[in-house]
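6 protein chains.
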Amino acid sequence: MPRLPRLAALAPDSAGWGFFLCTSKEVRTGRSGSDFLILTLQDVSAQITAKIFDDVPRFGAEFDAGEFVRVEGKASVFNGQLQLIVSSIRRVHVEQDRREGFREDECVLSAPRPIDEMWAELTARVGAMQEGHLRVLVRRILADHEAELREWPAAQAIHHAYRGGFLEHIVKMAEVSEGVSRAYGADADLVLAGVVLHDIGKLQELAYEAGSASYTRDGNLIGHIALGLILVREAAAGISGFPIELRSKLEHLVLSHHGSREHGSPVEPKTIEAFILATVDELDAKINQVRRAVREDVGEREFTGWHKRLGRVLYKGGI
Amino acid sequence: MPRLPRLAALAPDSAGWGFFLCTSKEVRTGRSGSDFLILTLQDVSAQITAKIFDDVPRFGAEFDAGEFVRVEGKASVFNGQLQLIVSSIRRVHVEQDRREGFREDECVLSAPRPIDEMWAELTARVGAMQEGHLRVLVRRILADHEAELREWPAAQAIHHAYRGGFLEHIVKMAEVSEGVSRAYGADADLVLAGVVLHDIGKLQELAYEAGSASYTRDGNLIGHIALGLILVREAAAGISGFPIELRSKLEHLVLSHHGSREHGSPVEPKTIEAFILATVDELDAKINQVRRAVREDVGEREFTGWHKRLGRVLYKGGI
Amino acid sequence: MPRLPRLAALAPDSAGWGFFLCTSKEVRTGRSGSDFLILTLQDVSAQITAKIFDDVPRFGAEFDAGEFVRVEGKASVFNGQLQLIVSSIRRVHVEQDRREGFREDECVLSAPRPIDEMWAELTARVGAMQEGHLRVLVRRILADHEAELREWPAAQAIHHAYRGGFLEHIVKMAEVSEGVSRAYGADADLVLAGVVLHDIGKLQELAYEAGSASYTRDGNLIGHIALGLILVREAAAGISGFPIELRSKLEHLVLSHHGSREHGSPVEPKTIEAFILATVDELDAKINQVRRAVREDVGEREFTGWHKRLGRVLYKGGI
Amino acid sequence: MPRLPRLAALAPDSAGWGFFLCTSKEVRTGRSGSDFLILTLQDVSAQITAKIFDDVPRFGAEFDAGEFVRVEGKASVFNGQLQLIVSSIRRVHVEQDRREGFREDECVLSAPRPIDEMWAELTARVGAMQEGHLRVLVRRILADHEAELREWPAAQAIHHAYRGGFLEHIVKMAEVSEGVSRAYGADADLVLAGVVLHDIGKLQELAYEAGSASYTRDGNLIGHIALGLILVREAAAGISGFPIELRSKLEHLVLSHHGSREHGSPVEPKTIEAFILATVDELDAKINQVRRAVREDVGEREFTGWHKRLGRVLYKGGI
Amino acid sequence: MPRLPRLAALAPDSAGWGFFLCTSKEVRTGRSGSDFLILTLQDVSAQITAKIFDDVPRFGAEFDAGEFVRVEGKASVFNGQLQLIVSSIRRVHVEQDRREGFREDECVLSAPRPIDEMWAELTARVGAMQEGHLRVLVRRILADHEAELREWPAAQAIHHAYRGGFLEHIVKMAEVSEGVSRAYGADADLVLAGVVLHDIGKLQELAYEAGSASYTRDGNLIGHIALGLILVREAAAGISGFPIELRSKLEHLVLSHHGSREHGSPVEPKTIEAFILATVDELDAKINQVRRAVREDVGEREFTGWHKRLGRVLYKGGI
Amino acid sequence: MPRLPRLAALAPDSAGWGFFLCTSKEVRTGRSGSDFLILTLQDVSAQITAKIFDDVPRFGAEFDAGEFVRVEGKASVFNGQLQLIVSSIRRVHVEQDRREGFREDECVLSAPRPIDEMWAELTARVGAMQEGHLRVLVRRILADHEAELREWPAAQAIHHAYRGGFLEHIVKMAEVSEGVSRAYGADADLVLAGVVLHDIGKLQELAYEAGSASYTRDGNLIGHIALGLILVREAAAGISGFPIELRSKLEHLVLSHHGSREHGSPVEPKTIEAFILATVDELDAKINQVRRAVREDVGEREFTGWHKRLGRVLYKGGI
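Chains as they are written, first to last, in the numbering used here: chain A, 1 to 319; chain B, 1 to 319; chain C, 1 to 319; chain D, 1 to 319; chain E, 1 to 319; chain F, 1 to 319.
One or more hints might be untrue.
Chain copies aren't distinguished; within one or between two, either way the pair holds.
Below, computed lysine to aspartate or glutamate pairings styled on EDC-like, alpha-carbon distance capped at 16 angstroms [what the hints assert, rightly or not]:
#1 Lys308 x Asp297
#2 Lys74 x Asp35
#3 Lys74 x Glu178
#4 Lys74 x Glu95
#5 Lys316 x Glu245
#6 Lys51 x Glu72
#7 Lys308 x Glu296
#8 Lys25 x Glu262
#9 Lys51 x Glu175
The hints are simulated quantities; they were obtained by calculation from the structure and are not laboratory data. Predicted, not measured: the structure shown is a model, and the values here were computed from it.
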C-alpha cells in the first residue's frame with residue numbers, strides 16, 4: 001500500500017496510508033441504524049473530511065479529536081468535494097511512527113512560508129520603528145505573545161485559518177502598508193503598530209489547540225476588537241511617558257480596523273492611518289480567500305464554483 | 001418692561017427681560033455686509049435661538065458663550081420656530097442680579113425631576129443589590145463620579161440633553177428594568193449594574209461645560225462604549241476576588257447595549273440581561289424624544305411636524 | 001421495555017415506549033429504493049423528529065398525522081440533533097391505553113404554566129380596567145374566543161409555538177407592560193387592550209388542529225395584522241358610544257405592533273402606548289426564542305450553536 | 001397693467017395681475033424685525049410660492065388661506081425657482097370679479113384631461129365588468145364617493161397632487177392594466193376592481209379642502225391601505241352572496257398594492273393580479289413624477305436638476 | 001412496460017420508458033462506498049432529477065451528458081420532489097428509435113408556444129417600426145442572430161430557462177410594452193428596440209448547448225449588460241447616419257434595464273422609455289417565475305411552498 | 001489696497017484685490033426685491049463663494065462665468081464658511097493685467113504637484129510595461145488623449161476636482177498599486193493598465209471647460225464605466241493580435257473598478273487584479289477627501305465638522 005500524497009495533491013482515485021492531525025470527530029447514526037464516524041483530517045497542505053463506516057466501535061476507541069493519527073483509506077467524491085473513506089485508523093505512536101516518517105509539522109495545516117522567516121521579517125520591521133514609545137510597546141507585546149503569534153491562525157475559518165496564519169497575515173499587511181504609508185505620507189510607525197496589534201485581541205477571543213480554533217467566553221461576549229483595546233491600554237500603561245494622544249490614535253486603529261460599524265467596529269476610521277489599516281486588512285483577507293477558493297476548486301472550468309461569502313464566482317486564469 | 005416667562009412658556013408675542021445661560025455665540029455677516037450675532041440661550045425649562053442685529057460690536061463685547069446673561073428682547077417666529085430678537089444684553093453680575101432674582105439653577109436647562117430625589121432613588125436601588133461584588137463596584141463608580149453623574153446630560157443632542165439628563169435616564173431605566181427583570185427571572189443585580197454603567201464611558205466621551213456638551217478626542221476616536229468597557233475593567237480589577245465570569249457578563253452588557261452592530265455595539269446581546277438592557281435603553285431614549293417633540297411642537301394640529309430622526313409624525317393626543 | 005422519559009429529558013441512549021401526538025407524517029424513498037417514514041412527534045415538554053425504516057407499509061397503515069400514537073423506539077443523534085428511531089408504532093386506543101397512563105394533555109406540547117392559572121390572571125387584569133368601553137370590548141372578545149385563546153400557540157413556529165403559547169405570550173406581556181406603562185405615565189388600559197388584541201388576527205390567520213398550526217387563505221392573503229384590525233373595528237361597532245378617538249388609538253396599536261414597515265406594520269408607532277406595545281412584544285418573543293435555544297442545545301459548551309434567526313450564538317451561563 | 005399668463009407659462013420677467021387660489025399663508029419675521037408674508041398660490045396649470053414684503057398688516061387682513069385672491073405682482077427667481085413678489089392682494093369678490101374673467105376652475109391646479117371625460121371612461125370600464133359581484137361592489141363605491149373621486153388628488157404631494165389627480169391616476173392605470181391583464185391571461189375584472197379601489201382609503205386618510213390635502217387622524221394612525229381594506233370589507237358585506245374567495249383576492253389587492261413591506265404593504269403580492277396592480281401603480285406614479293420634473297425644470301440643459309425622491313437627474317429630450 | 005407520460009404529467013407512481021435529453025450527469029460515491037449516478041433529464045414539458053443505483057459502471061458507459069437517452073424507470077418522491085429511479089438507460093440510436101416515436105423536439109424543454117409563430121409575430125412588429133434607423137438596426141441584429149434567438153433560453157435558471165425562452169420573453173414584453181407605450185405617449189419604436197435588444201448580450205454571456213446554458217468567460221467578466229451595449233454600438237456604427245442622440249437613448253435602454261444599480265445596471269432609468277422597459281422586463285420575469293412555481297408545486301394546498309427567490313408563498317387559486 | 005493672498009491663505013479679515021477664474025455666476029433676487037450676484041471664484045490653491053450686492057447691473061455686465069476676472073473685495077464668514085464680498089469686478093484684460101502679475105495658471109484650481117512631473121512619471125511607468133500589447137494600447141490612449149489627461153479633474157466634485165486631478169489620481173494609484181501588486185504576485189502590467197484606463201470614460205462622461213466640469217448626455221445616459229469599456233474595446237480592436245483573454249481581463253478591470261454593483265459596477269471583481277484596482281481607487285479617493293476636509297476646516301478644534309459624504313468627523317491631528 002503506497003503512502004498518500006499531501007492532501008493538497010490528493011486525486012479522486014488516490015488510495016494509501018498517511019499521517020494526519022484529526023481536528024474533529026463525531027459519531028453519527030446512519031439511516032439504517034448503524035453508526036459511522038465523521039472526521040476532519042489535515043496535513044501541512046490542506047484539510048479534508050473523512051468517514052469511517054466499518055468497525056466503528058473498534059476504530060472509534062483508537063483515537064480522539066486533537067490527536068495525530070495514522071490512516072489507511074481512499075479518496076472519493078461526495079457532492080463535488082473530495083473526501084477520504086477510511087478503512088483503518090489509529091493514533092500515532094510517536095517513537096515508532098517517526099521511523100516511518102511521521103513529523104508533527106507535516107500534519108498541521110500551515111502557512112506556506114516558513115514561520116522563522118516571517119518572524120524575522122516582522123521583528124526587523126518593528127526594530128526599525130522610529131517612534132520610541134510605539135517600538136517599545138510593540139516589541140513588548142511581541143515578546144509576551146511570541147509563542148501564540150508564531151503558531152496561531154488569523155481567524156477561525158474565514159481567512160488564514162491555519163498554523164502561522166496570524167503571522168502570515170500581519171507580515172503581508174506590514175509589507176503592503178509600508179508602501180501605502182509612504183505614498184500618502186502617513187505615519188508609518190503608527191500604521192505598522194496598528195498592523196501588528198489590530199487583531200491581538202484574537203489571542204483571547206479564540207482558543208487554538210491541536211490545529212483547531214474555537215471561541216472563548218470573552219471571545220463571544222466581548223470580542224477581539226474590544227479585547228485588543230484593553231490589551232493595548234494595559235501595555236501603554238506599563239510604558240512610562242507614553243504620550244496620551246499617541247495612545248488614542250493607536251487605540252483608534254484597533255477599534256476602527258473593520259472599517260464600519262456594520263462590520264463590528266464601534267468607531268469608524270477618522271485618521272489617514274486608520275483608513276489605510278482597514279483597507280489593507282480587508283484586501284489581505286479577501287485575497288487570501290480568493291487564492292484559497294481558486295486552489296481548492298477542483299473543476300476544469302475557468303471559474304470557481306459560487307463563493308458564498310464573496311457572493312460571486314472567481315476567475316482561475318492567472319491566479 | 002415685564003419679566004419674560006420661562007422659555008417653555010414663551011409665546012410668539014412675549015416681550016421683556018430675563019436671565020439665561022448663553023451656550024453658543026457666533027458672529028455672522030449679513031447680506032448687506034453688516035454683522036449680526038446668533039446665540040443659543042437656555043433656562044431651566046427650554047432653549048431658544050436668539051439674534052442681535054443692533055449695536056453688534058458693543059453688545060458682542062458684553063458677554064461670551066458659557067456665561068449667564070441678562071437679556072431684553074421679544075419673541076418672534078422664524079421658519080416656524082420661536083426665536084428671540086435681542087435689543088439689549090450683558091453678562092450677569094452675580095451679586096447685583098441676585099437681588100433681581102437671578103439664580104444659576106433657573107438658567108440651566110434641566111431634568112424636570114429634582115436631582116437630589118433622583119440620586120437618592122438610585123443610591124437606594126444600588127444599596128439593595130444582593131451580589132456583593134457588583135454592589136461594591138457600582139457604588140465605587142457612583143462615588144467616584146457623583147458630581148458628573150448628577151449634572152451631566154445623557155447625550156449631546158438626541159435625548160435627555162440637559163442638566164441631570166444622564167441621571168434621569170438611568171433612574172428611569174432602573175425603574176423599568178426592575179419589573180422586566182422580575183418578569184423574566186433575569187439577574188436583577190446584573191441588569192441594574194448594566195443600567196448604571198452602560199453609558200459611563202460618556203463621562204470621557206463628552207466634555208460638559210456651561211450647559212453644553214462636546215465630543216472629546218477620545219470620544220471621537222474611541223467612543224463611549226469602549227471607554228465604558230475600560231472603566232469597568234479597571235474598576236473590577238480594583239475589587240479583589242471579582243468573579244471572572246461576572247466581569248465578562250457585565251462588560252458584555254456595556255458593549256452590547258446599543259443592540260446591534262449597525263448602532264455601534266461591537267458585539268450583540270447574547271444573554272437575557274443584555275436583551276433587556278438594550279431594549280429598555282432604546283425605549284427610554286425614544287420616549288424621551290417623543291415627549292420632547294410633542295412638547296416643543298407649537299402648532300394646533302393633533303400631530304407634530306415631521307420628526308426627522310424617528311422618521312414620522314407623532315400623535316399629540318394624550319401624550 | 002421501560003417507558004421513555006418526557007421528550008425534554010430524552011438522552012442520546014434512551015430506549016423504550018411512550019405516547020405522543022404525531023403532528024406530521026411523510027413517506028420518503030431512500031437511496032436504495034426502499035421507503036421510510038419521517039414523523040414529528042410531541043409530548044407536553046418538547047417535540048422530536050422520528051423515523052421508521054422497517055415494515056413501512058404495515059406501520060404506515062397504523063396511524064395518521066394528527067393522531068395520538070403509541071411508539072416503541074430508541075433515541076439517536078443525527079447531524080447533532082436527537083431523533084427517535086421507531087421500531088413499532090400504532091394509534092392510541094383511548095380506553096385501553098388510558099389504563100397504561102395515556103393522557104391527551106401529556107401528549108401535546110404545551111406552555112409550562114397551567115392554562116387555568118394564566119387565564120385567571122388575564123381576566124383579572126381585564127376586569128380591573130378603568131375605561132369602560134375598552135373593558136367591555138376586550139371582555140367580549142375574550143368571551144367570544146375563549147376556547148382558541150386558551151389553546152392556541154402564539155405563532156406557527158418562531159416563538160411560543162405550542163399549546164397555550166398565545167395565552168402565555170399575552171399574559172407575560174401584560175405583566176411586563178403594566179410596569180412600563182406606570183413608569184412612563186402611559187394609558188395602562190389602552191396598553192393592556194393592545195396586549196390582548198395585538199395578535200387577535202392570528203385566530204383567522206392560522207388554523208390550529210391536532211397540535212400543529214398552518215396558514216389559512218386569509219392568513220396568507222390578508223395577514224393577522226389586517227385581520228386583527230377588522231376584528232377590532234367590528235367589535236367596537238357593536239358597543240354603542242365607543243369613542244371614535246379611542247377606536248383610532250386602539251386600531252393603531254394593532255396595526256403598528258410590529259414596530260416598523262419592514263416587519264409588516266403598515267403604520268409605525270406614533271403614540272407612547274404604541275412604542276411600549278411594540279417593544280414589549282418584540283422583547284417577549286426574543287426572550288422566548290433565547291430560552292428555547294438554550295434549553296434545546298444539548299452540547300456541553302457555554303454557548304449554543306449558531307441561532308440562524310437571531311444571527312448569533314447565545315450564552316447558556318445563567319439563562 | 002397686463003394680465004399674468006397661466007402660472008405654467010410664467011417667465012422670470014412676467015409682471016401683471018391674476019386670480020389664484022391661496023392654499024397656504026404664513027407670517028414670518030425677517031432679520032430686520034419686519035414681518036413678511038409667504039404664500040402658496042395656484043391656478044389650473046401650476047403652483048408657485050409668493051411673498052409680500054410691503055404693507056404686510058393691511059394685505060394680511062385682506063384674505064385667508066383657502067380663499068381665491070386677486071393678485072398684482074411680478075415674477076422673480078429665488079434659489080433657482082420662480083416666485084412671485086406681490087405688490088397688492090385681496091380676496092376675490094365673486095360677482096364683481098367674474099366680470100373680469102374670474103372662474104373658480106381656472107384657479108385650482110387640475111389634471112390636464114377634463115374630469116367628465118375621465119369619469120365617463122371609468123364608469124364605462126366598470127359597467128363592462130363581467131363578474132357581477134365585483135361590478136356591483138365597484139359601482140356602489142363609485143356612486144357613494146363620486147364627488148370626492150372626481151375632485152381629489154391622488155396624493156398629498158408626491159404624484160398627481162392636484163384636482164382630479166385621483167381620477168386621472170386610476171383611469172390611466174385602468175387603461176394600462178387592461179392590456180397587461182390580457183397579455184398574461186389575468187382576471188381583468190379583478191385587476192380593474194383593484195385599480196379603482198387600491199387607494200380608496202385615501203378618502204379617509206386625507207382631508208382635501210380648498211386645493212390642499214392634509215392627513216387626518218386616521219390617516220396617520222391607520223393609513224389608507226388599512227382604511228381601504230375596511231371600506232372594501234364593509235362594501236362586500238352589503239352585497240348578498242359575495243363570494244368569500246373573491247373577497248379575499250380583492251382585499252389582497254388593496255393590501256399588497258405597494259408591492260413590499262418596506263413600502264407599507266403588510267402583505268406582499270401573492271397572485272398574478274396583485275403583481276400587475278402593484279407594478280402598474282408604481283409605474284404610473286413614477287411617470288407622473290418624471291413628467292412633472294421635466295415640465296417644471298426651467299433650465300436650458302438637456303437634463304433636469306437632481307430629483308431627490310427618484311435619486312437621479314432625468315433626460316428632457318423627448319419627454 | 002408502458003411509455004411514461006410527459007414529465008409535466010408524471011405521477012409519484014408512474015413507471016415505464018421514455019426518451020429524454022440528459023443535461024447533466026455526475027458520479028457520486030454513496031456512504032456504503034458504492035457509486036451511483038445522478039442525472040438531470042428533460043423533455044419538452046419539464047425536467048427532473050434521476051438516479052441510477054444499479055450496474056453503475058455499465059450504464060455509465062452507455063451515454064454522456066448532452067445526449068438523448070432512452071430510459072426505463074419509475075417515479076419516486078424524495079424530499080418532497082419527484083425524481084426518477086432509473087433501472088436501464090442507453091443513448092438514443094436515432095434511426096432505430098425514431099420508429100418508436102423518438103423526436104428531438106419532444107425531448108428538449110421548450111416554451112409552450114410554437115417558435116415559428118412567436119418569430120413571425122416578432123418580425124412583424126419590427127417590420128412595422130416607423131423610425132428607419134432603428135428598424136434597420138433591429139432587423140439586422142435579428143437576421144444575424146436568428147438561430148440563437150429562436151432557440152435560446154432567456155436565462156440560465158431563474159426565468160424562461162428553456163428552449164425558446166428568450167424569444168418568448170421578448171415577444172411577450174413587446175406585446176405588453178406596446179400598450180404601455182401608447183398609454184403614456186412614449187416612443188414605441190424605441191421601446192420595442194429596447195425590448196428586442198435589452199438582453200442581446202446574453203448571446204455572449206451564455207453558452208447554450210444540448211439544452212443547458214452556462215456562463216462564458218466574458219459572461220462572468222463583462223456581463224450581458226455591457227456586452228449588449230458593445231453589440232448595439234457596433235451595429236449602429238454599421239448604419240450610416242444613425243443619429244447620435246438616438247444611439248444614446250437606445251444604449252441607455254440596454255444599460256438601465258435592470259432598473260437599479262443594486263440589480264446590476266450601471267445607470268438607472270432616466271427616460272420614460274427606460275422606466276417602461278425596466279418595469280415590463282421585471283414583471284414578465286416575475287410572472288414567469290410565479291407561473292412556474294404554481295405549476296411545479298404538486299401539493300394539494302391552495303398555496304405553493306416557500307419560494308426562496310421571491311421570498312413568499314404564492315396563491316394557486318386561479319393562476 | 002493690497003493684493004489678496006492666495007485663497008487657501010485667505011483669513012476672515014482679508015481685504016484687497018486679486019485675479020481669479022469665475023466658474024459660476026447667478027443672479028438672485030433678495031427678499032427686499034433687489035438683485036444680487038452669487039459667484040464661484042477660484043485660484044490655483046482653492047475656490048470660494050463670492051457675492052456682489054452693489055451696482056449689480058453694472059458689474060453683472062462686466063464679465064461672464066468662464067472668464068478670468070479682477071476682483072476687489074473683502075473676506076467674511078457666512079454660516080461658518082469664508083466668502084468674499086465683492087466691491088468691484090471686471091473681466092481680465094490679458095495684456096494689461098499681465099503687467100500686474102496676471103497668470104492664467106495661477107487662477108485655475110490645480111493639483112499641488114506640477115503636471116509635467118506627473119506626466120513624466122506616468123509615461124515612464126507605462127514605458128516600462130513588459131506585456132507588449134498592453135503597453136501599446138495604453139501608450140496609444142495616452143497619446144490620443146494627452147491634452148485632456150493632463151488638464152482634467154478626476155471627478156466633477158467629490159475628489160480630485162481640480163486641474164490635473166485626473167492625472168494626480170492615476171499617478172498616485174500607479175505608485176500605490178505597484179507595491180501592492182508586487183506583494184501579492186499580481187500581474188503588475190495589467191493592474192497599471194487598469195489604473196490608467198479605469199476612469200478613461202470620464203473624458204466622455206464629463207465636459208471640462210473653464211475650470212468646471214459638467215455631465216454630458218452620454219455621461220448621464222451611459223456613464224463613464226460603460227464609456228470606458230467601449231473605448232478600451234475599440235483601442236484593442238486597433239491592435240492586431242491583441243489576445244482575447246487579455247482583453248477580457250482588462251475590460252473586467254474597467255467595469256468592476258467601483259467594487260460593487262451598489263456603487264455602479266455591473267460586474268464585481270473576480271480577479272486578484274480587479275480586487276487590487278478597486279481597493280486602491282477607493283482608498284485614493286477617500287484620502288483625497290479626508291485631506292481636503294482637514295485642509296478646508298478653518299475651526300480651531302481637533303476634529304473637522306461633520307463630513308456628510310463620509311458620514312463622520314475627521315481627526316486633524318497629524319493629517
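Verification of the supplied hints:
no.: 1; hint: Lys308 x Asp297; in the structure: within (13 angstroms within a copy, 27 angstroms between copies)
no.: 2; hint: Lys74 x Asp35; in the structure: between (20 angstroms within a copy, 14 angstroms between copies)
no.: 3; hint: Lys74 x Glu178; in the structure: neither (47 angstroms within a copy, 45 angstroms between copies)
no.: 4; hint: Lys74 x Glu95; in the structure: neither (26 angstroms within a copy, 43 angstroms between copies)
no.: 5; hint: Lys316 x Glu245; in the structure: between (46 angstroms within a copy, 12 angstroms between copies)
no.: 6; hint: Lys51 x Glu72; in the structure: within (11 angstroms within a copy, 30 angstroms between copies)
no.: 7; hint: Lys308 x Glu296; in the structure: within (14 angstroms within a copy, 27 angstroms between copies)
no.: 8; hint: Lys25 x Glu262; in the structure: neither (35 angstroms within a copy, 37 angstroms between copies)
no.: 9; hint: Lys51 x Glu175; in the structure: neither (41 angstroms within a copy, 51 angstroms between copies)
In summary, the numbered hints that this structure violates are 3, 4, 8 and 9.
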